[in-house]
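Asker: Below, each chain spelled out in residue letters.
Number of protein chains: 4
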Amino acid sequence: MSRNAVKKVVLAYSGGLDTSVILKWLQQEYGCEVVTFTADVGQGEEVAPARAKAEAAGIKEIYIEDLREEFVRDFVYPMFRANAIYEGEYLLGTSIARPLIAKRLVEIAAETGADAISHGATGKGNDQVRFELGAYGLNPEIKIIAPWREWDLLSREKLMAYAAEHGIAIEQKRDGSKSPYSMDANLLHISYEGYDLEDPWVEPGRDMWRWTVDPQDAPDQPQELALTFSRGDITAIDGKAMTPAEVLAELNRIGGAHGIGRADIVENRYVGMKSRGCYETPGGTIMLKAHRAMESLTLDREAAHLKDELMPRYAELIYNGYWFSPEREMLQAAIDQTQAVVNGVVRLKLYKGNVMVVGRKSDTDSLFDESIATFEEDAGAYDQGDATGFIRLNALRLRVAGRRKG
Amino acid sequence: MSRNAVKKVVLAYSGGLDTSVILKWLQQEYGCEVVTFTADVGQGEEVAPARAKAEAAGIKEIYIEDLREEFVRDFVYPMFRANAIYEGEYLLGTSIARPLIAKRLVEIAAETGADAISHGATGKGNDQVRFELGAYGLNPEIKIIAPWREWDLLSREKLMAYAAEHGIAIEQKRDGSKSPYSMDANLLHISYEGYDLEDPWVEPGRDMWRWTVDPQDAPDQPQELALTFSRGDITAIDGKAMTPAEVLAELNRIGGAHGIGRADIVENRYVGMKSRGCYETPGGTIMLKAHRAMESLTLDREAAHLKDELMPRYAELIYNGYWFSPEREMLQAAIDQTQAVVNGVVRLKLYKGNVMVVGRKSDTDSLFDESIATFEEDAGAYDQGDATGFIRLNALRLRVAGRRKG
Amino acid sequence: MSRNAVKKVVLAYSGGLDTSVILKWLQQEYGCEVVTFTADVGQGEEVAPARAKAEAAGIKEIYIEDLREEFVRDFVYPMFRANAIYEGEYLLGTSIARPLIAKRLVEIAAETGADAISHGATGKGNDQVRFELGAYGLNPEIKIIAPWREWDLLSREKLMAYAAEHGIAIEQKRDGSKSPYSMDANLLHISYEGYDLEDPWVEPGRDMWRWTVDPQDAPDQPQELALTFSRGDITAIDGKAMTPAEVLAELNRIGGAHGIGRADIVENRYVGMKSRGCYETPGGTIMLKAHRAMESLTLDREAAHLKDELMPRYAELIYNGYWFSPEREMLQAAIDQTQAVVNGVVRLKLYKGNVMVVGRKSDTDSLFDESIATFEEDAGAYDQGDATGFIRLNALRLRVAGRRKG
Amino acid sequence: MSRNAVKKVVLAYSGGLDTSVILKWLQQEYGCEVVTFTADVGQGEEVAPARAKAEAAGIKEIYIEDLREEFVRDFVYPMFRANAIYEGEYLLGTSIARPLIAKRLVEIAAETGADAISHGATGKGNDQVRFELGAYGLNPEIKIIAPWREWDLLSREKLMAYAAEHGIAIEQKRDGSKSPYSMDANLLHISYEGYDLEDPWVEPGRDMWRWTVDPQDAPDQPQELALTFSRGDITAIDGKAMTPAEVLAELNRIGGAHGIGRADIVENRYVGMKSRGCYETPGGTIMLKAHRAMESLTLDREAAHLKDELMPRYAELIYNGYWFSPEREMLQAAIDQTQAVVNGVVRLKLYKGNVMVVGRKSDTDSLFDESIATFEEDAGAYDQGDATGFIRLNALRLRVAGRRKG
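Residue numbers (UniProt numbering), protein chains in the order written: chain A, 1 to 406; chain B, 1 to 406; chain C, 1 to 406; chain D, 1 to 406.
Simulated from the structure, these hints should not be mistaken for laboratory data. Given the structure is predicted, the values throughout are model-derived calculations rather than measurements. One thing to keep in mind: the hints can contain errors.
Heads up, the list lumps identical chains together, so a pair's fine if it works in one copy or across two of them.
[Unchecked claim] Straight-line C-alpha distance at most 35 Å; calculated DSBU-like pairs for lysine-lysine: (1) K143 to K158; (2) K24 to K158; (3) K178 to K24; (4) K361 to K405; (5) K158 to K8; (6) K158 to K178.
Given these sequences and hints, build the entire structure.
Answerer: Spelled out as structure tokens, the structure:
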């Protein structure tokens with residue numbers, strides 16, 4: 001793509017060092033107009049200061065938006081209906097926020113007449129893929145500028161030098177001040193990569209973690225919690241109705257206080273290498289456990305098993321950046337189809353890193369039938385003799401094969 | 001099956017109330033000779049006393065066997081190579097012991113010239129299916145007597161009355177003395193069903209649990225542990241080589257002390273109803289976490305993902321009793337094929353119910369390459385420009401579809 | 001189930017020998033009122049005569065219904081959206097008609113106040129399962145009488161004797177007159193089992209086949225056909241709009257004339273044994289080929305591949321009788337979600353047993369882009385250099401693994 | 001990759017126009033030594049002339065090899081054990097030959113001390129991916145030169161001009177003389193792309209097809225054939241033992257004479273676009289049909305169904321070029337594990353494009369049991385009453401769900 005082919009670019013802009021350098025670099029190298037887009041997806045930092053910074057950089061069109069409700073309602077909640085976990089451990093906190101950003105970038109490009117978008121994801125990571133597949137899926141003609149794949153500012157030192165040279169103010173308190181880790185945060189999680197994590201044998205330092213207390217420092221008393229589900233989504237905590245983003249924020253607060261949701265894993269990136277990441281997902285960890293418990297009471301066995309078989313594929317799609325794809329939509333249709341009956345209440349106990357289910361009920365949709373499951377006489381609810389035929393016909397093919405061997 | 005068609009039956013015999021009644025009932029109702037088979041699969045009770053009891057009941061052929069090593073080596077370990085979990089929660093502790101018992105029953109029948117086997121599993125549960133599918137798969141001509149599906153002794157009271165009437169001694173201390181729960185135990189786990197668990201909204205009492213301390217009562221200091229893997233199996237703890245059964249016993253001991261491995265779930269039985277069960281699987285919980293961590297470092301991404309997709313099916317097969325089936329063997333072949341490289345050491349921290357991975361390494365088989373994964377300049381190990389083509393071709397189909405829409 | 005517990009039963013009644021005997025047997029053995037239900041699902045026999053026969057047997061409530069449109073629209077068409085094939089060969093002709101019959105039996109039971117239903121499927125086949133799972137799924141309290149599993153009239157001779165004894169008229173021309181095969185037919189197919197097919201090494205006689213000419217006797221000239229698809233369903237033949245049942249009837253007629261759609265297979269029944277069946281599915285064979293061709297032009301690659309992976313499971317569900325189940329509905333939701341774009345026209349050539357696709361187009365939904373696929377220069381529609389990065393990143397994990405080995 | 005970094009390159013060389021130009025271009029542009037490698041994989045052209053041409057071009061190290069047996073034995077046969085079909089239609093004829101070529105290129109590079117390999121596949125197709133993934137998987141350090149992605153000779157005219165300019169002799173009779181199609185052939189198939197196929201609505205001309213007669217021109221008499229299977233592979237035709245390559249060659253000859261194995265499809269390439277291809281796979285089409293028939297008699301139901309579910313993934317892996325990958329090896333282990341019992345004979349009838357199975361038998365491994373499958377009384381081989389319990393327990397979950405609704 002020729003650089004002077006770009007007239008106007010929408011930049012995903014945090015106001016931190018990296019995207020401030022990118023802003024300047026786009027102006028210089030592409031000579032094009034830049035629109036900044038700063039989103040609050042619950043990363044826990046003020047987005048308002050981005051305005052002054054963008055203005056200082058000469059930006060005319062500045063978008064600053066609170067996307068927290070849309071993020072949880074349209075992305076996090078649908079994903080949790082699938083009980084999605086990547087590689088047995090990762091709750092996809094970073095992955096699920098990227099398509100929303102991609103969507104707004106493309107929409108803002110349309111609104112402002114921009115022909116390109118740009119982002120600050122590096123050339124080795126998954127996020128570049130997620131941003132760009134999302135954007136291409138929504139607008140096949142969009143141009144995408146990924147400065148980390150183009151420039152030679154491939155270290156923090158070079159970035160700092162570029163910033164100094166071009167008069168870009170660097171606030172030490174922003175962007176994970178003093179933290180040696182590469183971090184990402186949104187309402188679902190905070191992640192850490194790099195630095196001492198690059199040796200998978202080394203345990204990270206205690207002060208790396210930011211959202212959760214160390215389980216050892218968590219309260220000595222468990223806390224009970226009741227979560228109300230409606231069609232697979234949590235709609236109330238301890239009986240108090242909340243919006244999706246309120247639910248997640250509150251579960252983060254409570255879970256974090258009890259040391260819940262830490263993960264330290266080696267994962268496989270879509271771009272082909274293994275990397276080590278640490279994650280804190282306090283609210284999500286609680287949601288997953290509770291959702292499975294609610295399903296255990298209300299969901300049909302075969303639907304549940306089919307969901308379990310499809311889940312790894314679904315999680316992989318999200319991890320790889322295919323949220324806006326026919327195959328993700330196809331799987332979502334299957335998943336959502338099952339959730340109409342996932343209604344009721346789950347009781348949990350939180351204690352020093354543990355989420356324990358201690359009760360689940362559903363007035364309308366329970367499939368648990370005490371009269372059938374009981375060990376005592378059941379007054380005819382279940383004919384034990386049926387089991388004989390059930391076993392014998394299921395065994396028939398094995399017996400015929402056994403005769404062949406014998 | 002006509003009752004006088006049976007000449008000799010091998011009974012899975014614990015010496016407890018149920019199987020003692022069955023022994024008598026078989027003698028009376030079938031008028032056949034009974035061979036008793038009592039196995040130590042690590043249930044934590046003495047098996048020796050079964051001999052005296054069987055002799056007292058007039059049994060001539062008495063088999064008492066220690067199957068612990070075979071159980072862990074040939075059943076538990078292969079299953080853990082698959083990271084098997086049923087319905088997201090259950091580590092299949094009961095399920096995996098049944099095929100071994102079925103195998104020995106059939107083998108002993110061959111050795112003793114018996115034409116039938118018998119077991120004490122009820123007509124509503126999964127175990128009858130597991131015993132019988134296993135037996136039929138190994139000997140298609142075997143006859144199977146399942147007294148619980150034939151008799152009318154369908155409550156504890158009736159059993160006790162029968163025992164009293166026939167002079168069967170009932171030791172109150174055996175078979176979970178005073179416990180109101182229906183329990184099963186082996187080296188992998190102990191399970192609880194029935195009683196107050198029949199209401200899934202009710203939390204079981206603190207004194208139900210037997211193998212693990214309450215996390216609240218676990219030590220205030222974490223314990224570190226290093227597990228050595230060879231071809232996917234744990235072969236040493238903290239550098240000390242152990243047999244499979246020794247590994248599992250030791251992990252049970254350590255895990256139990258730290259309150260690890262409790263589960264309280266509603267599960268779907270193969271015979272069609274939901275039931276609530278509580279499980280303690282301390283060693284297995286540690287093994288699963290550690291095995292995933294070892295694989296995360298050494299296993300190829302696509303092999304790992306395929307394993308994850310096949311796992312629910314594999315777990316379902318074991319849960320449903322199809323260990324001795326062509327489809328389980330087919331999946332096992334695929335799983336085992338991947339484990340040659342799963343070698344190395346995983347470091348864990350155990351603390352009040354938590355199993356935390358804090359390090360993993362493999363001198364011979366690590367696929368983690370710091371020079372590629374690093375955030376800093378990598379001296380050419382990875383060409384960031386490659387990502388552009390990677391993304392653009394992966395996006396091509398989405399873009400063509402986008403043009404159709406637009 | 002106690003026989004005098006049944007007050008009124010709805011019988012799936014063809015008027016042939018088997019169900020005439022059943023009617024009488026129900027009256028005699030159960031002493032209950034019988035409602036007859038005779039459906040035209042396109043089996044190619046008059047259903048009207050069933051009325052007189054039922055009346056002659058003293059039946060007061062007689063249902064005779066033309067279900068052909070409902071059958072094709074609500075059962076056959078949804079199934080073909082999935083490209084369903086059982087075990088690589090069988091187009092599920094019998095399987096897909098059973099749930100509709102079950103549904104009407106249950107509905108008529110509700111309308112007439114009957115507490116039971118009955119059918120003429122044998123105790124070794126799949127159809128009993130399909131009828132009964134369907135019925136139980138729709139009305140959990142329904143009673144089901146399966147005479148073949150209860151009585152001892154287990155051969156044609158005994159049935160004939162019973163009929164003679166009870167004055168049941170046997171028309172030699174009905175029910176596959178003179179045919180030695182067990183047959184089933186509906187608008188989708190006709191099937192043959194039994195007789196010389198019981199030896200899978202033996203080729204059936206030429207005169208077994210009824211719906212299709214032998215390919216050797218088919219016309220020497222091919223016939224062209226254009227099928228119009230709308231959302232995955234065929235809505236017109238050679239430009240002429242037709243209802244679903246009209247489409248299938250017409251394709252049967254044309255396909256049969258060209259010797260299309262014969263299959264001779266050994267299949268695995270749900271009840272555990274292998275059986276040999278021969279099938280004629282002329283219209284269905286054409287539909288499947290055409291539907292795949294229409295999808296090949298309009299469906300996204302990954303959606304298509306996911307459909308292919310889910311298809312065997314979906315086909316198995318239908319074969320096994322789980323049409324009315326949460327898991328089938330879940331898969332159907334996924335499948336249907338993909339079909340909105342399956343619009344266009346497919347051109348076929350039929351010739352002596354062959355269905356050949358010779359063209360496919362879609363004005364609105366083609367994803368085929370000549371400018372990208374061309375072997376000649378494409379004026380920038382596709383950057384060949386992108387392939388380098390695509391390959392290199394896809395190879396990265398393999399290369400890292402190669403270094404480990406080397 | 002810097003061009004002067006390459007010292008010696010092994011070129012997959014046919015002696016035709018494209019690879020002759022590439023040879024020259026490599027010498028000129030890379031200034032490196034070239035080793036030619038010409039393989040007979042059954043493409044039906046003499047490979048010997050390649051020697052003289054290579055010598056004329058100044059090549060010192062010339063490899064000409066007959067790989068037909070290795071191709072069929074180690075690639076085609078394992079693939080057919082899986083019943084592999086890509087997108088419901090394509091028998092993977094081109095895909096399966098590429099990894100073998102890649103393997104020999106890498107091996108010859110090692111033998112000759114070459115540091116690079118090169119091939120003539122274009123930048124839009126799948127073959128570049130298959131060659132390069134295969135090569136990288138076998139030697140992670142190999143350099144790969146793909147001239148079609150580097151040069152600007154992007155049309156046939158430019159190639160011809162380059163050839164003329166550099167004195168490269170162009171034989172009109174080679175490389176599909178006068179054919180306007182892009183073709184590829186090996187012992188499994190011949191393929192056609194481009195030219196009038198670029199409009200998927202247009203039927204290709206009758207004279208495009210080369211290996212099979214038009215079904216209309218095929219013999220009016222069917223031909224019978226008996227294929228003997230051993231562990232899933234065909235080892236004899238009509239009782240005559242043959243090597244794998246002999247089997248395939250003979251089936252190609254017979255099938256081609258009967259017009260068998262034509263396919264005209266739109267497929268999804270791995271690089272992201274749809275393309276239209278025509279294929280002739282006469283022997284493969286017969287093999288697939290026969291293999292399924294042999295399995296239908298000898299393979300367990302659940303193993304067969306699991307194979308069917310895994311097959312699309314397996315086929316996709318081969319299509320995409322992942323033959324030498326952990327995930328393909330994992331699936332192969334599962335597939336091969338099932339084939340020990342796939343022994344016996346299948347009888348087929350070939351007639352004007354049709355392959356009809358007319359019989360199958362296995363003296364050692366048949367699971368077909370007439371006494372169980374029969375419609376007549378079976379003297380107790382199967383207890384029809386068992387079906388009641390089988391159905392009732394399978395229905396239990398549906399009934400409980402029905403009660404919830406009701």
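Asker: The structure should be examined with respect to each hint, and the outcome stated for every one.
Answerer: Hints, verified against the model:
1. K143 to K158: For K143 and K158, both the intra-copy (26 Å) and inter-copy (31 Å) Cα distances are at most 35 Å.
2. K24 to K158: Close inside one copy (14 Å), not across copies (44 Å); limit 35 Å.
3. K178 to K24: within (24 Å within a copy, 58 Å between copies)
4. K361 to K405: Between. Shortest inter-copy distance 17 Å satisfies the 35 Å Cα cut-off; intra-copy 49 Å does not.
5. K158 to K8: within (26 Å within a copy, 38 Å between copies)
6. K158 to K178: Cα proximity of K158 and K178: one copy only (17 Å, versus 59 Å across).
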